[in-house]
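Heads up: the sequence shown is residues 1 to 305, going by UniProt numbering.
Keep in mind the hints are simulated off the structure, nothing from the lab.
Model, not experiment: these values are computed from the prediction.
From the three backbone atoms N, C-alpha and C, an ideal C-beta is built for every residue, glycine too.
Be aware that a few hints might be false.
To be verified - Restricting the straight-line Cα-Cα distance to at most 25 Å, the calculated cross-link-like pairs of lysine-lysine (BS3-like) are:
id	residue 1	residue 2
1	K270	K157
2	K8	K161
3	K207	K270
4	K270	K161
5	K297	K157
6	K157	K268
7	K8	K34
8	K207	K34
9	K8	K157
10	K161	K268
11	K207	K268
12	K243	K289
13	K157	K257
14	K161	K257
15	K161	K243
As the list claims (entries may be wrong) - Computed Cβ-Cβ distance ranges for the label pairs, DEER-style:
id	residue 1	residue 2	range
16	T108	T267	15 to 25 Å
17	E271	E141	32 to 42 Å
18	R21	Q66	15 to 25 Å
19	E298	L201	33 to 43 Å
20	P255	R32	24 to 34 Å
21	E298	K34	23 to 33 Å
22	K157	V48	24 to 34 Å
23	K297	S250	33 to 43 Å
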Amino acid sequence: MRIIVIGKEGQVARSLAERARAHGAQAVLVGRPKLDLADPSGIEDALVETGGDIIVNAAAYTAVDQAESAPELAEAINGIGAGVVAGAAAAMNVPLIHISTDYVFDGTADHPYREDDPVAPLGVYGASKLLGEEAVAAEAENYAILRTAWIYSPFGKNFVKTMLRLAGDRDEVGVVADQHGSPTSALDIADGIITVSRNLLERPADKNLRGVFHMAGEGFANWAEFATEIFTLSAHLGGPSAKVRPIATSDYPTPAKRPANSRLDCTKLKEVHGVALPPWRSSLEPCVKRLIEEARKEFLRGHVG
1 MRIIVIGKEG
11 QVARSLAERA
21 RAHGAQAVLV
31 GRPKLDLADP
41 SGIEDALVET
51 GGDIIVNAAA
61 YTAVDQAESA
71 PELAEAINGI
81 GAGVVAGAAA
91 AMNVPLIHIS
101 TDYVFDGTAD
111 HPYREDDPVA
121 PLGVYGASKL
131 LGEEAVAAEA
141 ENYAILRTAW
151 IYSPFGKNFV
161 KTMLRLAGDR
171 DEVGVVADQH
181 GSPTSALDIA
191 DGIITVSRNL
201 LERPADKNLR
211 GVFHMAGEGF
221 ANWAEFATEI
231 FTLSAHLGGP
241 SAKVRPIATS
251 DYPTPAKRPA
261 NSRLDCTKLK
271 EVHGVALPPW
281 RSSLEPCVKR
291 LIEEARKEFL
301 RGHVG
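Based on the sequences and whatever the hints tell you, model everything.
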């Protein structure tokens with residue numbers, strides 16, 4: 001199975017590149033300058049030239065706060081570009097997996113969000129991702145949209161890496177405690193994507209495999225609880241740690257509003273695709289361990305000689 005992955009530096013794209021071989025698959029990453037979601041003119045040619053059995057669109061404009069002052073760019077990449085990719089997938093007659101987000105919801109529900117719950121994004125980023133979902137559905141039939149949340153990994157920028165960095169500089173860190181969600185390992189997402197890919201390719205007539213699904217780590221936490229677990233694991237492994245001071249969202253104002261409830265109900269994905277991501281705590285430990293080991297190696301390289 002040859003998977004065309006749109007995106008080179010993102011957490012999900014890099015995780016797919018790492019995990020594909022273990023599943024007997026090949027992930028071919030394609031991104032800028034060859035394929036730029038902000039420039040629709042070259043998207044289909046780049047995908048055709050790359051060639052593959054299935055396309056995974058793991059690229060996006062993910063700067064949530066910056067999106068508030070750059071709505072045109074966010075819409076171009078997350079909305080219009082996503083639709084062009086879907087049209088190209090349809091023209092190539094290959095399935096498409098499109099990665100979306102919990103930010104399509106406003107966070108006011110009193111339960112984990114199901115796929116059929118009303119969408120109502122709070123900001124530009126969420127609105128642009130919702131536009132992308134709608135564009136994918138309009139341009140293709142053979143697709144699976146996977147909404148996920150609170151992604152972390154050994155790659156790129158994410159909450160785990162930020163907390164470990166802050167713990168190296170201070171004894172106490174204020175972390176929001178009134179936003180709830182499911183921390184999700186990008187490596188787990190990659191494993192799930194590969195299973196969904198095989199299902200789409202092996203059962204082309206099964207329409208139940210198509211549509212919108214939620215994919216997130218099992219269990220829930222608020223950001224302060226997430227940070228506390230990171231520091232507990234890090235301290236156990238001899239890495240940096242800090243005391244967590246729970247704060248309210250109002251104590252940490254940001255340009256973009258965040259949903260207070262980012263919990264996702266992933267029942268449909270398990271029932272239809274047979275995919276259930278591991279508990280977030282069990283996936284967090286190897287990530288923290290890997291980051292600490294990489295930091296130690298980097299430190300040693302910088303002090304050799």
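Going through the hints against the structure:
1. K270 to K157: violated (29 Å)
2. K8 to K161: Given pair K8, K161 holds - Cα atoms ~19 Å apart, limit 25 Å.
3. K207 to K270: The hint holds at about 16 Å.
4. K270 to K161: violated (29 Å)
5. K297 to K157: holds (19 Å)
6. K157 to K268: With Cα atoms ~29 Å apart, K157 and K268 exceed 25 Å; violated.
7. K8 to K34: Between K8 and K34 the Cα gap is close to 11 Å, so the pair holds against 25 Å.
8. K207 to K34: violated (33 Å)
9. K8 to K157: holds (14 Å)
10. K161 to K268: With a Cα-Cα distance of about 31 Å, the restraint between K161 and K268 is violated, given a limit of 25 Å.
11. K207 to K268: With a Cα-Cα distance of about 14 Å, the restraint between K207 and K268 holds, given a limit of 25 Å.
12. K243 to K289: Satisfied, since the Cα-Cα distance of roughly 19 Å is no more than 25 Å.
13. K157 to K257: Within the cut-off at roughly 20 Å; holds.
14. K161 to K257: holds (22 Å)
15. K161 to K243: holds (16 Å)
16. T108 to T267: 15 to 25 Å: The hint (15 to 25 Å, Cβ to Cβ) holds, given that T108 and T267 are roughly 21 Å apart.
17. E271 to E141: 32 to 42 Å: violated (21 Å)
18. R21 to Q66: 15 to 25 Å: violated (34 Å)
19. E298 to L201: 33 to 43 Å: holds (40 Å)
20. P255 to R32: 24 to 34 Å: holds (25 Å)
21. E298 to K34: 23 to 33 Å: holds (30 Å)
22. K157 to V48: 24 to 34 Å: Cβ of K157 to Cβ of V48: about 32 Å, so the range 24 to 34 Å holds.
23. K297 to S250: 33 to 43 Å: holds (41 Å)
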